[in-house]
Amino acid sequence: MLKFNQISKNFGGLQVLSDVNFSVPEGGIFGLIGPNGAGKTTVFNLATGLLRASSGSIEFNGQDLGDIPPHRITELGIARTFQNIRIFKEMSLLENVVVGMHDHLDYGFTGLLFNLPSFRKIEMVARERALELLSWVKLDHKAAMLADSLSYGEQRRLEFARALATKPKLLLLDEPVAGMNPAEKSELMVEILNIKQRGFSVFLIEHDMRFVMGLCDRVAVLNFGRIIAEGPPDEIRNNPEVIEAYLGKEEDE
Amino acid sequence: MLEQQLINALSLGSVYALFALGFTLIFGVLGVINLAHGAIFMLGSYSALLLVEKLALPLWLALLVAMLVAGTIGLVVDYLILRPLRARNVSHLIPMIATIGVAIMLTNLAQGLFGAENKRFPVGTIPEQSFNWGHLHLTELQIGIVGISVVLMVILLIVMRRTQLGRALRAIAESPRAAYLLGINVEGLFYLTSFAAAALGGAAGVLVGLSFNAISPFMGQPMLHKGIAVIILGGMGDIRGAMIGGLFLGFAEVLTVAYISSDFRDAVAFGLLFLILLVKPSGMFGKVLERKA
Amino acid sequence: MLEWWEGFWATYSAVVYGIGVNAMLALSIYVTLSCGLLSLANAAFMGIGAYAAAMISMQSGLPFPLALTAGAILPALVALIIGIPTLRLSGVYLAMATLGFGEVVRVIVLNMEVTGGPMGLNGIPLKTEFWHIALLLALTLYILGRIRRSKIGRAFEAIKADEVAARLMGVNVPAYKLFAFVLGAAIAGVAGGLNAHYTFTIGPNNYAFENAVDILTMAVFGGVSNLIGPTIGGTILTLLPEMLRYLKEFRLAINGLILIIVVLYLPNGIWDPRRIHAFWQRRKARKGH
Chain A
1 MLKFNQISKN
11 FGGLQVLSDV
21 NFSVPEGGIF
31 GLIGPNGAGK
41 TTVFNLATGL
51 LRASSGSIEF
61 NGQDLGDIPP
71 HRITELGIAR
81 TFQNIRIFKE
91 MSLLENVVVG
101 MHDHLDYGFT
111 GLLFNLPSFR
121 KIEMVARERA
131 LELLSWVKLD
141 HKAAMLADSL
151 SYGEQRRLEF
161 ARALATKPKL
171 LLLDEPVAGM
181 NPAEKSELMV
191 EILNIKQRGF
201 SVFLIEHDMR
211 FVMGLCDRVA
221 VLNFGRIIAE
231 GPPDEIRNNP
241 EVIEAYLGKE
251 EDE
Chain B
1 MLEQQLINAL
11 SLGSVYALFA
21 LGFTLIFGVL
31 GVINLAHGAI
41 FMLGSYSALL
51 LVEKLALPLW
61 LALLVAMLVA
71 GTIGLVVDYL
81 ILRPLRARNV
91 SHLIPMIATI
101 GVAIMLTNLA
111 QGLFGAENKR
121 FPVGTIPEQS
131 FNWGHLHLTE
141 LQIGIVGISV
151 VLMVILLIVM
161 RRTQLGRALR
171 AIAESPRAAY
181 LLGINVEGLF
191 YLTSFAAAAL
201 GGAAGVLVGL
211 SFNAISPFMG
221 QPMLHKGIAV
231 IILGGMGDIR
241 GAMIGGLFLG
251 FAEVLTVAYI
261 SSDFRDAVAF
271 GLLFLILLVK
281 PSGMFGKVLE
291 RKA
Chain C
1 MLEWWEGFWA
11 TYSAVVYGIG
21 VNAMLALSIY
31 VTLSCGLLSL
41 ANAAFMGIGA
51 YAAAMISMQS
61 GLPFPLALTA
71 GAILPALVAL
81 IIGIPTLRLS
91 GVYLAMATLG
101 FGEVVRVIVL
111 NMEVTGGPMG
121 LNGIPLKTEF
131 WHIALLLALT
141 LYILGRIRRS
151 KIGRAFEAIK
161 ADEVAARLMG
171 VNVPAYKLFA
181 FVLGAAIAGV
191 AGGLNAHYTF
201 TIGPNNYAFE
211 NAVDILTMAV
221 FGGVSNLIGP
231 TIGGTILTLL
241 PEMLRYLKEF
251 RLAINGLILI
261 IVVLYLPNGI
271 WDPRRIHAFW
281 QRRKARKGH
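Respectively, the protein sequence lines represent chains A, B and C.
Residue numbers for the first sequence, in our numbering: 1 to 253.
Residue numbers for the second sequence, in our numbering: 1 to 293.
Residue numbers for the third sequence, in our numbering: 1 to 289.
Heads up, some of the hints might be wrong.
The calculated lysine-lysine pairs, modelled on BS3-like cross-linking and capped at a C-alpha distance of 25 Å, are [said to hold, decoys possible]:
| no. | chain 1 | residue 1 | chain 2 | residue 2 |
| --- | --- | --- | --- | --- |
| 1 | A | K185 | A | K169 |
| 2 | A | K142 | C | K127 |
| 3 | A | K3 | A | K196 |
| 4 | A | K89 | A | K185 |
| 5 | A | K167 | C | K160 |
| 6 | A | K185 | A | K196 |
| 7 | C | K160 | A | K89 |
| 8 | A | K138 | A | K167 |
| 9 | A | K142 | C | K284 |
| 10 | A | K121 | A | K196 |
| 11 | A | K196 | A | K167 |
Keep in mind the hints are simulated off the structure, nothing from the lab.
Chain A extracted, bound-state conformation:
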């Protein structure tokens, strides 16, 4: 579904990614792990069009993402959440999620100007869907509250619902459980599995090993900008290079 072909990225003199090749299959949960600084968020930034690769190409469902601007990549079906949560703080939860539906609200200027029935209907449907998505992450009871008033874990869940609102085919989750307590993590794990059942594909970055191994169908490992392994969790768990990459880090610290 999402294919990275020989992707390299450098910033000035710093080589962040070298010859990265991997493929995120459709309909599953794909994980990207690796020590801090390995370049994982850069991978997401490249996939969503916030950055351009220095060389190589990225394909989504066969289409080269090349120079496509971020908002069009979202239209194509890639949605994403952020490591440092980027919700719209001064808007309500419901409004946050409805923004995600921006592209799918098909009314024209006349519709909104004259409050035509078509406009009203689309808005109403949008709000209902937003409420539904909030219920998936168990935040529907807070729909009218300001996003700023949520706890950290709740904000993460809001971001998740908002990303779902864009009707993505592929959902990119950047450290979705960072800062959550074990109970919240289990809940989110269940929610992501539900998402997979509903037909979304998931591509996530995480540090929490148990989370990744328990959830993902396939895992790729990034170290110093290179993919050092890719395969099912069990293989990765026992891969000597991977163990070295992580243990090596621990020894230095």
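Based on these hints, arrange chains B and C on the given structure of chain A.
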């Protein structure tokens, strides 16, 4: 003829540079566009005028005292208005809007106190001497202006590059939080920078006042606009940029007036501003556009 | 009774008109602020609209509505042209660029013979009537209100809150910013056209930096959380100088002081729904005890 124009340009450019330096210092270290800098420039000019008129101070002393007065005003503005805003986590635009308010107040108050007409220095204040060097005509005033500007700029450069203080200021420019964690007295240095930048602005005011022998409450406005053009041209927060940008603008203006038309003098600055914003918004010595916390 | 009214109107009609015009101007800058953009060019756009409408009225026999339409379209076109490159710039740079643009307009207009040079235009036909202003203000409020309640309004809010996140939610950020900028310019232009046709003369110095600051002050003072704020801000700051006539000299200083006070103590302006709501909540709580 061209050489003569170049002399004029040098004189004009160095004052522009001096003004822009204060402006860019505040942006670099405090992260604020201080649109009251023009008003402070104007008050520096009036201060020198009053000191010479009422207290019959010699010009060099009036300049120094005017710089102190301007510096103090800058410090007060920072303490009363910018400091409370620092505590809150607001967007960059908010302090700027506040400084617009300050500029307007100061200008209007000056108008109320001193009247709207142009004032001149008392006869005999301004050095009249001039020299002829080949076919070049240099006035003592021009030499003085360039000289003083250069001295002030050199002092600033030395402080920034060669002293502990300068290093601390550059650290703050990079990241105030990191500087704070390194034990630097960030707040104190904010005050110092506000003072110094305003003093430089005041100095520029005195020099321009002498140069054109016309002091009015509204002289800060056009200067401010040119200052904006200069710092964007040179790169906001960059000292070399302010100096080179100022000189560049001086040359561009003088040459435009000489060879095209004097009507377009003020438009030159904006023309350059637009050009740079379209081509390379970060300016000649462009640094990072967004500052880290 | 009628005599009193006619006397009142003769003296104060300009003030009443001024309220309407200033409310529209405050709304014009509100549009851009609601998107996170600070544009100091709206006085210039007002000027372009004023000159365009006035010149049409003076030099051709075309009816008033047509002149006003030109007063809306011409600034909008200019905004479109300069908006495309400059809206790429972020916050502070954009403010500087729009400030510079405003000054360029003033300097150029000052120098053009066709626009009357420094003396400006004299003898503009007095065509504006109360209902023109009331109608156009109501129309502006209606349009902006509908926009606010739609995906466009939400997109603006999202862009203001977090541009990058908005982009990734599928919002075409550059297009929406441009829309806000152009719309603000059109509104300011119409206000300018209306204003020109009751002030009889206009000149380049009516549309200078101080005027742009006036407009900003009205919006910031009133509050930019919703449409009521700028309208109130425009109204109060039009009436205030009239009521404080004896302080006329220091009118500008008071403007400046207002800006400072609002920024420091009333960051969301005087019409801040949230603060008002919280105030009432506290009163209710106290009454309950």
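Hint-by-hint comparison with the structure:
Note on K185 (chain A) and K169 (chain A): the hinted pairing holds, with a Cα-Cα distance of about 23 Å set against a maximum of 25 Å. With a C-alpha separation of about 53 Å, the suggested pairing of K142 (chain A) with K127 (chain C) is violated against the 25 Å cut-off. About 19 Å separates the Cα atoms of K3 (chain A) and K196 (chain A), which keeps this hinted pair within 25 Å; it holds. About 23 Å separates the Cα atoms of K89 (chain A) and K185 (chain A), which keeps this hinted pair within 25 Å; it holds.
This hinted pair checks out: K167 (chain A) and K160 (chain C) have alpha carbons roughly 23 Å apart, not beyond 25 Å. Distance check on the hinted pair: K185 (chain A) and K196 (chain A) sit about 17 Å apart at the alpha-carbon level, within 25 Å; holds. Proposed proximity of K160 (chain C) and K89 (chain A) is supported: the alpha carbons are some 11 Å apart, at most 25 Å. A threshold of 25 Å between alpha carbons decides the hint, and for K138 (chain A) with K167 (chain A) the separation of about 19 Å falls inside it, so the pair holds.
At roughly 23 Å between alpha-carbon atoms, K142 (chain A) and K284 (chain C) fall within 25 Å of each other, so this suggested pair holds. The hinted pair formed by K121 (chain A) and K196 (chain A) fails the criterion: a straight-line CA distance of about 29 Å is larger than 25 Å. For the hint linking K196 (chain A) to K167 (chain A), the alpha-carbon distance of about 13 Å falls within 25 Å, and the restraint holds.
Comparing the model with each earlier hint shows violations of hints 2 and 10; every other hint is respected.
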